[in-house]
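Engineer: Protein chains in written order, with the working numbering: chain P, 1 to 334; chain B, 1001 to 1380.
Treat the hints as calculated values from the structure; they're not laboratory data. Ideal placement from N, C-alpha and C gives every residue a C-beta, glycine not left out. Just to be clear, a hint being listed does not mean it is correct.
Here are some, though not all, of the chain B residues that point toward chain P, as calculated from beta-carbon distances under 7 Å [to be verified]: (1) Leu1263; (2) Gln1267; (3) Phe1268; (4) Glu1270; (5) Gly1276; (6) Asp1374.
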Amino acid sequence: MIKASDAPLLEVRDLKVHFPFRRGSLFRPEHGFIRAVDGVSFSLREGETLGLVGESGCGKSTTARAVLNLIPPTFGEVCLEGEPIAGLSDTAMLPHRQTMQMIFQDPFASLNPRMTVGRIVGEPLKIFRPGMDREGRAVEVMRLLDMVGLNPRFLNRYPHEFSGGQRQRIGIARALAVGPKLIFCDEPVSALDVSIQAQIVNLLEDLQTQLKLAYVFIAHDLSLVRHISDMVGVMYLGRIVEIAPADELYRNPRHPYTKALLSAVPVADPQIERTRQRIVLTGDVPSPDRVYPGCPFADRCPQVRDECRKSPPKLEGIAGTADVHQAACFFARD
Amino acid sequence: MTDAPVTAAEKYARLLAEAQQVRGTSLGRDAWRRLKRNRAAMIALGYLFLIGIGALFTPLWPLQAPRMVRSDRAFAAPQFQPAFTQTTTWIDDSGAIDDDAVSAAFGIRAADDPKSGWFDAFNRQLLRLRGAIFGRWEAASWCGCDMLGRDLLARLFWGARISLVVGLVAGLVSLVIGVSYGATSGYLGGTVDSLMMRFVDVLYSIPFIFVVILLITVLDDPEVKAGLSSWGIENRITIFFFVVGAIYWLTMARVVRGQVLSLKQEQFVEAARTIGCNRRRIIFLHLVPNLLSIIIVYLTLTIPRVMLFEAFLSFLGLGVEAPDVSWGVLANEGTQSITAVHIDWWLVVYPGLALGSTLFALNFLGDGLRDALDPRLKNR
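The following block holds chain B by itself, in its conformation from the complex:
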């Protein structure tokens, strides 16, 4: 009799170990299986993955320094003969790295710079690794040079870093704000919902390009800059992520709200209330996970929009600040360099290709994800 509870506990402990072996197929895994069958989406995913890796480890590749100005080869056309040259200046024959040269040519702060952070250290490590692997070899100007004789290929890679991060961070910011706001509004319903959505309508009616221009002008003020600097925010681009993210959440909020309105009628929401879930729990643990499909799909459509917006702002000269570079800045410089006298096509075509192919890939991926995640298309 006294043994009974012990054996029961043991029995379940044993079963628990067995239960860990049984893994259910979650809807996410199911969707992944379907996505894998979609060739276009998988190619897009692979491409984005490659671009992401390429951008993340940019200092590792044998590219020229993006800020190395050489007036003797301004507007030089793409050249492949020879494909690689042993011309790196910031590294000596023993493989040691000149910190000051790196700082000037790459914009990576030296270790003794007080503003130097973990990202600079990461970049420096990659550069050292590159020196160890490739020595002084670097690629010739495969994509040509810009008006200051800087290598376009290198600038494309360094620009990818900023463009991708802008898209990702701003996309995520808009996701967090939009989903929380929309789900809360939709779930609470009634007057609260009306008020929250009218607020969104008001924000919608503001021509936000002016808001961004205003904000960026304010942020450019030396006093404001000094203030931000004391908070540890050095770069205008950091602010930019949040500004753009904080603007692009509006549509996401509407989309999510609409879905929540229909989803909250589902019985499992009522069941959750019956077992005593509070509102926050219902919204974030029951409703939002069921919206993941549209959220992810919408995110893959927001990221390209944000990247384009960044390019557009850079076109206006309001985006990324000078020695830094993004695809939008490059495309802008390219169009400015087109004159009646000579057409330096590479300055427009390559940045355009980089931006366009990434946006294409994101759209293909979003399309594939929508098909994979929509259970109504399942087994069709």
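Just chain P, same shape as in the assembly:
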């Protein structure tokens, strides 16, 4: 792999997003925090893809939003091309939005129904290239639509006249309009039909080779993430519990949670599928509003031991992998 530079494109260190809440009666309120993201660190080089997987509510999307400053991060550092951007105001954040974009989950909700496709895709151009005239913008929008595989003639149509897959392509064209180096894909295909999913994923891959894009790819679908990612991070309760190169993680999962997740992936061969051993986790995801003294996974872990409940395990490199494979488990080496 050719690396553009040694400095990572995006570096996230110990990112935390806590939402304050109040509950209980008016007279005896209880204050607390939902720890949606609780110390996430990762880094990403140009042209790389980081997959983020985990069950619903584990903070994947919140991580993306906090990095993009759509939600103010509570704590932690985010460096984009070496510049700290965590918690910047909208105005200060503006130039960085040209480097970092996002594709949203729901193609039906992420496009303004009152705007034509031309205006939706042209809006970032209006903001970042104010010198551009109307016609130049229209031509640029058409080039972008062409690039994402849409008919450029549909410039003056409205989002409700398109199918889900086409709408997602419009969303991709909008993200590409500013010429970003990094795109957060927040479950970009989970709202689409399976047949359309493959098309969108292929489009994203083509665009990556063409434009040298880096992705942070958030998804539920483990095989999809394996397919598209260079690195995969597994999140649980606002933390990354294991991170490794995609193939390494799938071949050799170390964290018990990763093992359980992978064992739940169905296999396309019915023979193997019948004999497949599954690790079924008991219990529910613990509430993110409490502080756990030990490992947050301890209550559901099949391999839990006493020390797991005393102090939280840190994300540490596995011996023999040059620290590219990291897991947050005391017994990852076993």
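With chain P held as given, fit chain B onto it using these hints.
Structural biologist: Below, chain B without anything else, positioned relative to chain P:
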């Protein structure tokens, strides 16, 4: 190799021409299609359109002069025999218009009057056109006459001008203030939202009829009047538009704020922030266009309220000033003329009909618009 970018540019230029041919169906156009299927709403719309045209081109119609006092026919009942008479006094047989007579009978300022503006010129042109078309013919008193013998039909038309403009302008003023205020408050949220909305609550708690009466009394002060006159504001009614508009925005602000609160959670707002839209852009280009449906519907409900309020103020003698006339003033005069001795029903019924039918039409239209614009009722 060097040809490639040129051909690409040409290709898109050609495609651009093609793209102009493809027109998407906007939500607005979709709604219009649905509205067209609603007969009551379309009749209401047509009626309002007719009234609007009728009021705008009032001097063109062969009506009597609204300020022509004839004591010999005070309280004259409606008469249709003959339907038209050749009795116009302000125009001679050659078709020339007597500017002074017009000024007295219509309240249209003569061209040499320094206060004469574009609207007077417009009215004069219409009168000339009328003279050319209808000559000296004018309608008889189809709706009867008032206590000074002035023709009620003509006064209804001239009153329509003021009543409709009051409704429209005050409605628009309340719309602009209410939508901006509500959308800003809802989008910013948190403490700012609380403060802005508490301010609205405070204004709500003021009995605003007193505020209006106070304001109008102040504006009636000769000194204030002279001051306003130097600013080019001649008419109390102009102030009235803004006062009423500035009061009726409160509910609009609340309605819009509530909608914005739910709308700002939508993903496209987040997407707009991601591509670097500032707050103003998000509020006015992303949120407000999505609120158009409730804004329009609410506007069609505000206009009747404002018109009724104007009528109410005119009832109290605080609305339109004397030689000018509005539907509210006419209805007021009508009720005052009802006595035990004789009941001049036409003085009450016709202004009431005019006001009532317009309010009805606006409500039907608002109802139809709500159905047409609400996407949840689509295809049902």
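Engineer: For this structure, which hints from the list above don't hold up?
Structural biologist: 1 and 6
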